[in-house]
Amino acid sequence: MLTRRFVNTLILIAICAVAASCDKESSPPPGFDRGPMLENLGTNIIVPAYDTLARRANLLEISAIQFTESPNEENLGKLRDAWLSAYIAYQHCAYFNFGPADVLVFNASVNTFPVSKIKIDDNISSGSYDLDAISSNSEKGFAALDYLLYGLDPSPEFVVEQFDTDDEAPARRQYLLDVIADLKSRCDAVFVRWSPAGENYIGTFVSLTGNDVGSATGMLLNAAIQYLERDVRDGKIGIPLGVRSLNVPIPGNCEALYAQQSIPLATESIKALQKIYLGKGISEGIGFDDYLEALNARHNGDPLNSVITAEMDVTLAKVTAIPEPYSETVEQNPDPAMAAYQELQKLLVLLKADMMSALGVLITYQDNDGD
Amino acid sequence: MRLKLLTPFLFLSSVFLMSCDSDDDGGPSLQVPDTYEFTRDGQSSVFYGGQIDRLNQTSEIKEYLRKGDRKEITLDAETLLAMYENAGGDGDGNFSFTSDRQLKDKTFPADVAFFEDLFAKAESASAAGLDASDGTAGFLTRANGSTILVDANGHEFTQTFEKGIMGSVFLHQIFNVYMTDERVGDNVENTAMDGTNNYTPMEHHWDEAFGYWGVPVDFPGNKEGLRFFASYSNSRDPFIGSNDMLMDAFLTGRAAIVAKNYAVKNEQREIIYQGFEMIAAASAVHYLNTVKELLAQGDASLGEAFHSLSEGYGFLRALRISPKKKISNATLTEILNTHVGENFWDLRETDLSGLDKAIDLLVEAYPELADIKDAL
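Sequence lines, in order, name chains A and B.
Under the numbering used here, the first residue of the first sequence is numbered 1, with each subsequent residue one higher.
Under the numbering used here, the first residue of the second sequence is numbered 1001, with each subsequent residue one higher.
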């Protein structure tokens, strides 16, 4: 009850804020220049995030080649580590689903889950597949690797056997390498598009200093908030918990289901959001926190920035506290997950309603839901 | 008995409400037609082609599974998945027609994996080609000599699929999508046409729910070609009056939408929720009764018993889908896991009091079934 009232209040405030902002002369506010903020976000956060991912995808490929040449438990361990390390790096990129990532359909082609076990098994048996096809998103990417490296049976001996002596071992090794090659080439491609040494999308990004629909701020915030809503709140936490299915949990829809790394990845995802919000790359730079402070945005009398920062901390703590394996938690111990989901919802409202109206940026994505 | 009293009561209260409303707003008066045909400017305003496509897809997947039952083909999981997802618009060449609709993206989200697992299990059971026994998937023979393919727990793939889709797609779409406030609530657009179509969004959503029922527009006068829920609605009709109950509710509600008489529309929605739930519950009792008789005849009737049990189990699972169900999730789980049990082979060995208990619990949740529970 309290929560709902709280949310209603927030929405009301958001509406008031939007209404109020209509009266004002248009942006930018005195004392805040978005240019340096974009420069910081692009140079110190976005490009390094894609750079890290590309480098880790490369290490992943090297580990996979080693493992397929000598399938043993030690090499499997290294390959699994390399996979998790790249998957963690991806969590820091996934909020930037605009510009290059949007054009390349990057997120969907590297992290669609759950994957189709039937299709992957069939691809391995038949040796006939086209990982380039859009329809193959559920046969590849990080989640397909989760299935290949953990799903058949988590025990390392068994997995090694599957890649070493099993009848289908040669085909399985090839499939592993093909999935990783596809993943790596996509990570490279999106990095090259952003990189100043490549196609330099970052140059475009920092030049779009407005706050309209096509501005860097508008695109970034829409992409990031949409990702928070659909992929973090719903995809990582809510959908497995059953919030979209009459509270019937869907354990099979957990991210990194077989490796049982759903919660570490979700935790990383909240940390990535904090970094974007604070403009914190290697060191603290100009971010949305500074922007809201410059506007003196308020929330029930408190600085909106303080409220958001505090809610991010609470959310991070609640998400981190969810017990792994998440696929068991959703069925046996859903309360901590529901608590985290509720914080994610509060955080979403603060960002999507309060922050966006304070910044005068429109939410341009919609809930899609045809028949 | 009590149900028969309930229906006229709801109907009377509808009439009462409707007369209030038409006095109030002076809108078009409520004219309920005899058949599900509504027009605007002389043209039909009813369209549910997407639903017909999905009923047809379900029929063709079932037909494919039946070929596996008859040992005419070895079932292929990828083919089943391609049909379920309608790959390429024609189930990857396996449907006799093309459509941009599919079953998978309309499935109750928690059940998608259920169907994909079923396809994988059906493939391996079909490829192995064994005789079924406790713990081994394979073939059983029915009373008429035909064979059915069952999983290691005795669940027939074909029936589990069909009843599964009826619950997880058709009922789910009616209950959790089309009959919700988001689709037919009072604030849904009901004046402007939906794009270039000859219907308003509210009218269309109502029609789409109707489409999933699977009856002809002049039902129940015409009982030809009843499909899926329509067929079970008709089978249970002598006991629970389901044909008129649902047809009147769909007709009256649709007419109320035209007349913008939302109180009446909303009453019919409630009847639709109750009607489908009652069909599923009564069908479950019907099959459990059948199974009791068959199992009492010994192992010779096992194929027939497991076939019926698969149907009953499917209807019980379908009950989960209703957001307004009268039976609790805990009771349903108890029935499914304990009294009927996941492994049908266990029922053979023990006495059949589990099935009696299951029926008792259903009657407790649906007291309307008390007087007819043995006759169903």
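Treat the hints with care, as some may be off.
Said to hold, decoys possible - With a Cα cut of at most 27 Å, we get these calculated DSS-like pairs of lysine-lysine:
id, chain 1, residue 1, chain 2, residue 2
1, A, Lys275, A, Lys346
2, B, Lys1260, B, Lys1357
3, A, Lys352, A, Lys275
4, B, Lys1106, B, Lys1071
5, B, Lys1373, B, Lys1324
6, A, Lys117, B, Lys1071
7, B, Lys1373, A, Lys117
8, B, Lys1357, A, Lys117
9, A, Lys352, A, Lys271
10, B, Lys1223, B, Lys1260
11, B, Lys1373, B, Lys1357
12, A, Lys280, A, Lys352
13, A, Lys117, B, Lys1292
14, A, Lys318, A, Lys280
15, A, Lys117, B, Lys1104
Keep in mind the hints are simulated off the structure, nothing from the lab.
In this text, all values refer to a predicted model and were calculated from it rather than measured experimentally.
Hints and how they fare:
1. For the given pair, lysine 275(A) sits about 19 Å from lysine 346(A) by alpha-carbon distance, which is consistent with the 27 Å threshold.
2. Restraint check for lysine 1260(B) and lysine 1357(B): not satisfied, since their Cα atoms lie roughly 46 Å apart, outside the 27 Å limit.
3. Distance hint between lysine 352(A) and lysine 275(A) is fulfilled; the C-alpha atoms sit about 17 Å from each other, no more than 27 Å.
4. Distance hint between lysine 1106(B) and lysine 1071(B) is unfulfilled; the C-alpha atoms sit about 30 Å from each other, more than 27 Å.
5. Restraint check for lysine 1373(B) and lysine 1324(B): satisfied, since their Cα atoms lie roughly 22 Å apart, inside the 27 Å limit.
6. The hinted pair formed by lysine 117(A) and lysine 1071(B) meets the criterion: a straight-line CA distance of about 25 Å does not exceed 27 Å.
7. Only pairs whose Cα atoms come within 27 Å are accepted, and lysine 1373(B) paired with lysine 117(A) is rejected, the gap being roughly 43 Å.
8. For the proposed pair lysine 1357(B) and lysine 117(A), the alpha carbon gap of about 38 Å is over 27 Å, so the pair is violated.
9. Between lysine 352(A) and lysine 271(A) the alpha-carbon distance is near 18 Å, which keeps this suggested pair within the 27 Å criterion.
10. A threshold of 27 Å between alpha carbons decides the hint, and for lysine 1223(B) with lysine 1260(B) the separation of about 30 Å lies outside it, so the pair is violated.
11. The hinted pair formed by lysine 1373(B) and lysine 1357(B) meets the criterion: a straight-line CA distance of about 12 Å does not exceed 27 Å.
12. With a CA separation close to 21 Å, the supplied pair lysine 280(A) and lysine 352(A) stays within the 27 Å bound.
13. Between lysine 117(A) and lysine 1292(B) the CA atoms are separated by roughly 38 Å; this puts the pair beyond 27 Å, and the hint is violated.
14. Distance restraint check for lysine 318(A) and lysine 280(A): the Cα-Cα separation of roughly 22 Å lies within the 27 Å cut-off, and the hinted pair is therefore satisfied.
15. The straight-line distance between the Cα atoms of lysine 117(A) and lysine 1104(B) is roughly 15 Å, inside the 27 Å bound, and the hint therefore holds.
Hint violations for this structure: numbers 2, 4, 7, 8, 10 and 13, all remaining hints satisfied.
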